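Colleague: Single-letter residue listing:
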Amino acid sequence: MGAGPGRGRTNSWIPPLLLVLVLAALSPAVVTLPGPLRLSYGLTYAYLGFAVTTVFLVRRVTTRPGPWLGRRFVRRVLVLLALLACLVMVAAPGGLGGTAVLLVLWLALCNVLLGRATQQITAASTARLDERQRTLRDRAYSSAYLLLAGAIGVVVLVTYLATAATRAWLASAIDGGPIVVVVALLICLPTLVVAWTEPAAHTPAPRSSRSHLLVVGLAMAMVGISLAAPLASAAGVLLLPARETALTKTPVPPLTGAGCANYQRTAEVGVWFSAALPLRAQICWNGQRARYLWGLNRSDCLNYDSILVTVTEATCSRHTSADGTLEFTYAAWVQPEVLAFLRRRLVVTLAVDRRGQQVALR
Amino acid sequence: MVVAMGLIWALLAAPEPSSLRGMGVLLAAVLVGLGVALGEVTRWRAWRRSALLDERDAAIRDRAYRLAFRGMGIGIFLLLLSSLVAAGLAEPVTAGSIGSEPLSFLVGPRYLVALLLLIALLPTALLAWTSADATVRRRGGDPGQRSALARPLLTPALAGLLFFGLWTAAVALLPPRTARAEQRPSLAVTWTGADCATLAASRELGAGLGAALTIDATICWNGHRAWDGLQGLQPPGRPTVLRTPPTSSCSIAVDATDFENISQETCTESRDARGTIRLEARAKVTSGITPWLDRSLVESVVVTGQGQVLQLG
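Heads up: the sequence lines are chains A and B, in that order.
Everything in the first sequence is counted per the numbering used here, starting at 1 for the first residue and increasing by one.
Everything in the second sequence is counted per the numbering used here, starting at 1 for the first residue and increasing by one.
No wet-lab data here; the hints were simulated from the structure.
All values derive from a computational prediction rather than experimental measurement.
Heads up, the beta-carbon is just placed ideally off N, CA and C, and yes, glycines get one too.
One thing to keep in mind: the hints can contain errors.
[Stated by the list, open to error] What follows is a list of derived Cβ distance ranges for each label pair:
(1) Thr268/B / Val154/A: 40 to 46 angstroms
(2) Gln306/B / Val252/A: 55 to 61 angstroms
(3) Arg345/A / Thr266/B: 56 to 62 angstroms
(4) Leu162/B / Val154/A: 39 to 45 angstroms
(5) Leu147/A / Pro176/B: 30 to 36 angstroms
(6) Leu302/A / Asp294/B: 26 to 32 angstroms
(7) Val85/B / Leu48/A: 25 to 31 angstroms
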């Protein structure tokens with residue numbers, strides 16, 4: 001494909017450094033958050049910084065298409081798969097929920113691969129391109145503009161005028177999959193055009209220096225981590241064992257009976273993508289039975305904390321056994337935003353006997 | 001001219017003023033005229049096929065499109081932001097979305113027109129902005145001749161007039177669209193010994209390109225007579241208000257008055273001897289450019305004493 005873009009300037013590291021500074025400035029707010037969320041928020045910030053740094057590193061690296069991405073057929077298949085993902089996000093009735101995150105990740109991967117296949121021509125500055133590449137880049141933008149503007153114009157006009165239902169779809173599209181597709185195409189459509197139209201690379205790639213290979217390898221590894229991390233964390237919600245914090249018992253002045261105390265426990269699952277079901281209650285006992293004062297009603301089963309996880313169908317049950325033991329169970333289904341078609345049950349329990357002691361739930 | 005286009009587009013796309021009072025079509029016609037003028041200046045290079053352009057012109061055009069692609073992204077973002085701000089600033093058109101059909105839409109004709117004009121005119125505008133040698137096309141003879149200036153002035157004016165004519169015809173010929181919504185039982189009020197429902201109907205002229213009129217009413221009935229559940233003709237009894245009701249029953253909301261103006265809106269209540277209540281909203285619709293041409297818009301809600309809705313919209 002001819003001479004590729006040269007090295008990026010050193011000041012291209014300034015944006016990710018600025019982002020790190022911003023994230024560091026926000027860290028005190030993260031530290032003050034309650035326990036289960038603090039780690040997840042911190043990991044979210046860390047991931048954002050890592051992803052942005054990855055983007056800048058990938059754009060900075062001079063690459064050759066390689067034997068596979070140099071083939072026009074392979075590039076065209078990737079373009080079609082990317083457009084298929086866009087079509088699914090636009091046309092899915094009722095939205096895709098967390099599955100849309102997977103499609104966005106797939107689009108990002110296609111953009112990275114096709115960017116490498118086209119040697120980042122569409123993102124490179126004019127000074128780094130030869131005359132042929134400049135012409136190719138500008139022509140790609142011209143075609144991309146006509147394609148995207150035409151599609152947006154036709155879709156918006158037709159859906160606005162057709163029926164009230166299509167107009168309602170248009171209104172909902174503003175905060176749904178379609179607007180995500182428009183943003184994604186604004187970023188990657190010129191690259192898709194170049195990848196589709198350019199002929200296969202015929203010139204063999206020259207040997208690269210070891211340092212360059214290391215940088216390329218690091219960039220690709222970071223891309224892989226950026227794409228795999230959300231999937232792995234979502235899988236962790238489903239596969240990792242749930243954690244139940246130790247029950248804390250804080251005595252309070254008794255209102256009636258022999259004693260009262262505040263009990264607190266939390267059930268958590270996941271790292272980064274995570275959910276927590278908190279349980280807080282005040283229970284009193286008189287040696288014959290334990291009874292609750294607050295915290296064990298149905299309305300108390302609506303509290304939960306989650307990061308990138310959906311908590312649904314919360315249920316709770318309360319029961320006093322014949323020996324006066326009070327038993328309470330709070331359960332809910334948790335679904336990671338990514339891999340939203342899978343879910344698991346998260347349960348937090350509490351059982352206090354007639355002497356105010358915690359016992360195992362029967 | 002490019003700066004003027006930008007300013008007019010910004011006025012069309014801005015969340016304030018909330019209503020252009022029918023002048024939106026004038027703004028759009030001016031934009032079209034300016035776009036045609038710039039097209040004449042640039043010899044329509046932005047829209048010519050590559051085969052008809054020499055290498056230099058093709059490169060200039062493609063460079064303008066590269067800028068236009070990014071400009072389109074910025075423009076779409078600004079339009080989204082503007083529409084969200086406008087939706088936040090606007091009073092509710094009606095009792096929100098009741099029943100199965102929403103009656104207020106985030107996308108109005110103003111933003112539709114702004115988006116379409118953006119993507120249609122942006123390449124020509126940027127080509128004119130970046131071209132170093134844009135000249136008025138001359139048909140020969142002295143530059144001072146009136147004929148050399150006639151086309152650059154006449155063509156944009158005709159284009160603007162044509163746009164206005166097409167828009168007016170479209171609003172007149174396209175069928176009006178009515179959306180209806182019903183909420184039973186009403187969440188706004190309950191009456192002892194009676195049932196209540198909140199009814200709303202919205203009519204948009206020109207399939208959404210013209211003005212819109214919405215009527216919103218809470219009606220109660222007891223098997224013998226129907227009445228306005230919030231105010232108006234009421235039988236004895238004590239209402240229980242469950243939540244903050246609309247400011248008045250038989251309320252009218254006007255919407256999408258950017259390209260047509262609505263005035264003289266009235267809402268009247270009446271009840272016949274059989275206990276059937278009729279609420280009627282009327283308004284006069286005029287164009288901002290031709291205010292002497294007007295037509296009436298009527299929306300009605302008719303409910304019997306048994307709760308049967310005879311007319312909605």
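Colleague: Run every hint past the structure and note whether it holds.
Modeller: A quick look at each hint next to the structure:
no.	hint	in the structure
1	Thr268/B / Val154/A: 40 to 46 angstroms	holds (43 angstroms)
2	Gln306/B / Val252/A: 55 to 61 angstroms	holds (59 angstroms)
3	Arg345/A / Thr266/B: 56 to 62 angstroms	holds (59 angstroms)
4	Leu162/B / Val154/A: 39 to 45 angstroms	violated (21 angstroms)
5	Leu147/A / Pro176/B: 30 to 36 angstroms	holds (34 angstroms)
6	Leu302/A / Asp294/B: 26 to 32 angstroms	violated (54 angstroms)
7	Val85/B / Leu48/A: 25 to 31 angstroms	holds (26 angstroms)
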